[in-house]
Amino acid sequence: MSSEHGRRPLRITLTAIIMLVLGTLMSVGGGYLAMLGGSWYYLVAGVGLLVVAGLLFARRRAAIGVYAVLLLGTLVWTFYEVRFDWWQLAPRIDLWCILGLWLILPFVNRHVSARVVWRDGSSVLLGVGLLAGALMAAYALTQNYHTIDGAFSDAQMRGPDSQGQVGRSQHEWTSYGGAERGDRYSTADLITPENVGKLEKAWEYHTGDLPGEGDPVELTNQVTPLKVGDTLFICTPHSVAIALDADTGEERWRFDPSINRDAGYYQHMTCRGLAYHDGRRYAAPPGQPDQAAARCERRLFLPTNDGTLIALDVGDGKPCEDFGEAGVVDLKIGLGEDARGVYLPTSPPVVTEKLVIAGGSITDNGSVDSPGGVIRAYDVKSGRLVWNFDPGNPDATEPLPAGETYVRSTPNSWTIATADETLGLVYIPMGNQTPDQWSIPRGPLAERFTATLVALELATGKIRWEFQTVHHDLWDRDLPSQPTLVDIDRPEGKVPAIIQPTKRGDLFVLDRRTGKPIVPVEQRPVPQGTDYGDHTAPSQPVSTLSYAPDEPLHERDMWGGTPLDQMMCRIQFRKLRYEGDFTPPSQHGSLIYPGNVGTFNWPSVAVDPSRQLLFGAPNYLAFISQMVKRSEVDPEVRSGGSETGLQPNLGAPYMVRLEPFLSVLKLPCQAPPWGYVTAVDLRTMKKVWMHKNGTSRDSAPLGIALPVGTPALGGPIVTAGGVAFMSGTLDYYLRAYDLQTGEQLWKGRLPAGGQATPMTYVSEKTGRQYVVQMAGGHGSFGTKIGDSVTAWTLAEE
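Here my numbering runs 1 ahead of the position in the sequence shown, where the first position is 1.
It is worth saying that the hints were derived from the structure and are not from the lab.
Backbone N, C-alpha and C define an ideal beta-carbon position, used for all residues, glycine too.
Some hints here could point you the wrong way.
[To be verified] Pairs of lysine-lysine residues, derived as BS3-like cross-links and limited to a Cα-Cα distance of at most 30 angstroms, are as follows:
| id | residue 1 | residue 2 |
| --- | --- | --- |
| 1 | K382 | K333 |
| 2 | K517 | K463 |
| 3 | K748 | K687 |
[Said to hold, decoys possible] Label-pair ranges, simulated between beta-carbon atoms:
| id | residue 1 | residue 2 | range |
| --- | --- | --- | --- |
| 4 | P400 | G652 | 25 to 31 angstroms |
| 5 | H589 | G444 | 25 to 31 angstroms |
| 6 | K463 | L37 | 53 to 59 angstroms |
Can you build the whole structure from these sequences, using the hints too?
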């Protein structure tokens with residue numbers, strides 16, 4: 002009997018110790034938060050827990066009543082802050098409900114006091130609190146504060162019109178964006194919302210290209226395959242080009258340029274795709290069938306990480322000897338002795354009838370003295386330099402004389418450009434002059450072209466028009482996405498438009514002939530002043546069609562798995578400088594939202610030109626940007642080959658520390674959702690639907706698949722069949738969506754992260770529609786690295 006009585010009070014003692022520890026942490030942290038001007042709840046709750054702990058040690062029945070009052074007060078505070086938003090509500094009350102449930106259990110409750118039975122007023126009050134918490138949680142599960150539930154009309158979805166199909170083939174995917182317009186649209190219509198659930202794996206191919214010694218952290222497989230004839234063409238992070246049978250996935254040829262692996266690739270190593278040119282398309286008279294192609298009449302252009310552009314024959318994968326020097330153009334010419342490993346052509350070039358036009362990325366935040374961001378056009382046959390657009394000398398587009406160097410440290414274009422051969426223009430999305438947050442060395446021309454969409458004449462490289470999306474960029478909000486061309490139905494008729502997504506989340510819709518906005522753009526005042534000697538622009542351009550956050554972050558938006566890490570996120574929030582969007586970086590640390598990943602990034606958007614709808618996948622993650630005096634840091638410290646961490650900024654008095662805004666548990670400090678899929682009606686420029694996208698399966702302990710809506714770094718495609726496909730989320734799936742409603746219809750498991758845009762085609766041999774996805778992961782995005790190319794098709798009846 003005495004042993005039995007000895008064990009039972011031990012439960013109370015342990016419970017009291019837990020309450021004491023939690024109360025101490027909450028009181029200390031809550032007091033600090035209150036001093037910072039934050040919520041007093043945590044301090045009050047902490048003191049309440051300490052009182053409960055003391056009463057439990059004394060085995061006083063009042064412990065139950067005080068805890069019940071604390072729980073009820075927490076429910077009231079929770080409702081005040083977040084109403085019935087499940088993902089905000091749950092971490093505020095989960096721990097307290099679990100402890101309350103423990104206290105009300107008979108084998109604990111009756112031992113709080115030796116003289117009082119379980120059924121008393123305190124326990125009833127606690128029961129009321131637990132029931133109220135359960136009802137709040139259950140009701141919150143039925144609410145959805147973060148979606149737009151809408152649908153396109155049946156008339157709009159009825160089917161593609163002929164105008165949207167001109168010049169397209171359901172059998173091919175001949176450029177990164179599917180076709181020249183960069184809309185990621187296919188006329189393939191065999192897969193529909195009614196049958197997409199029958200997709201099954203058709204084949205899987207492994208490239209064999211995996212991380213090796215000396216590779217940077219950000220080694221990524223972001224390739225979108227091309228399809229020409231019955232062959233797929235891909236490239237790998239180490240710049241290997243591979244041809245695959247489109248029906249079986251069997252390798253047909255492989256070209257390895259054996260890039261210089263010792264070039265010091267500090268930040269990136271990727272290949273988003275190849276470019277294709279078909280000389281027969283321009284040579285054959287209209288109406289005549291294609292003739293057999295001579296060698297290299299159809300060619301691929303392979304950008305390599307060591308700064309070259311190689312022309313390959315489509316049939317055998319061998320270099321085209323008539324292009325450059327034995328098939329190779331050295332893109333490092335004119336960029337200085339330090340270009341290798343710093344200048345990286347990670348995206349496919351633009352190909353027109355006569356030209357192949359190439360840009361390249363410059364290592365972010367590497368040095369104030371870096372190679373220039375020149376855009377160059379080469380003869381598609383010979384590789385002869387035809388013109389160059391140097392942002393530091395924009396009027397001098399004649400080819401740079403031998404031995405001279407382009408202006409150093411100018412804005413670059415690292416993403417995919419788009420050309421309109423009918424208008425004779427190529428549209429270049431420009432980035433920033435590095436470093437991103439230290440702008441003192443920037444001159445007038447750098448300020449002019451930073452984060453600017455520039456329309457250049459194909460014939461000369463001269464500027465036709467330009468449109469700046471960020472003034473005096475201090476936030477790494479360079480233009481990341483390929484611009485999309487679409488002819489939009491307006492009251493005045495069809496208008497040739499260009500859509501440029503941005504990291505902030507704006508969709509700038511412009512007349513692609515003139516650069517004038519179709520959707521209104523307004524200048525808004527933004528936070529001012531820096532504490533490290535830089536300046537800020539007084540206002541920033543904002544599109545009225547935007548996926549930028551509707552509201553700035555507030556303390557109540559801080560999140561965590563438990564009240565404790567949520568409290569710590571609130572403390573971080575209060576300590577950082579934050580005045581809403583465009584808060585400047587600071588020495589103390591500033592909260593940047595949207596952060597460096599951006600609302601939209603290189604995956605861009607997909608547009609159905611017939612149905613006049615846009616499909617996108619906006620992300621919402623905050624980052625911390627902190628300027629750090631170089632004199633206070635070991636000069637050898639670097640970020641370790643990633644765009645996060647402490648960045649070198651060599652030659653500047655300040656380095657910059659860039660980090661995602663995470664809790665001590667490595668969860669985002671801001672509440673979910675963090676990723677969506679959405680659609681816009683381009684006739685009205687209205688958002689039609691918007692839904693959370695992605696689960697925590699591959700990022701949460703034990704593979705728990707919570708439908709939180711995760712960030713995605715991989716783009717969408719849309720099809721004439723009324724189905725969209727996209728991967729890129731933190732969980733490893735390729736998903737299919739109903740374009741009319743946004744409903745997820747199917748998902749296929751991937752062996753690694755799918756941080757690439759899929760593509761689709763109908764086989765001329767089998768008549769079956771395939772969807773192909775690269776699953777290779779992304780080093781700094783945190784997904785599993787792999788080397789798989791996987792194809793799905795409908796199961797045969």
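So, going through the hints one by one against the coordinates:
1. Between K382 and K333, the direct Cα distance comes to roughly 20 angstroms. Compliance with the 30 angstroms bound is thereby established for this hinted pair.
2. Proposed proximity of K517 and K463 is supported: the alpha carbons are some 18 angstroms apart, at most 30 angstroms.
3. Taken as a hint, the K748 and K687 pair is honoured in the structure, with Cα atoms around 28 angstroms apart against an allowance of 30 angstroms.
4. Distance hint for P400 and G652: a CB-CB separation of about 30 angstroms, consistent with the stated range 25 to 31 angstroms.
5. Separation of H589 from G444 is about 29 angstroms and conforms to the stated range, judged on CB atoms against 25 to 31 angstroms.
6. The supplied range of 53 to 59 angstroms is met by K463 and L37, whose beta-carbon atoms lie about 54 angstroms from each other.
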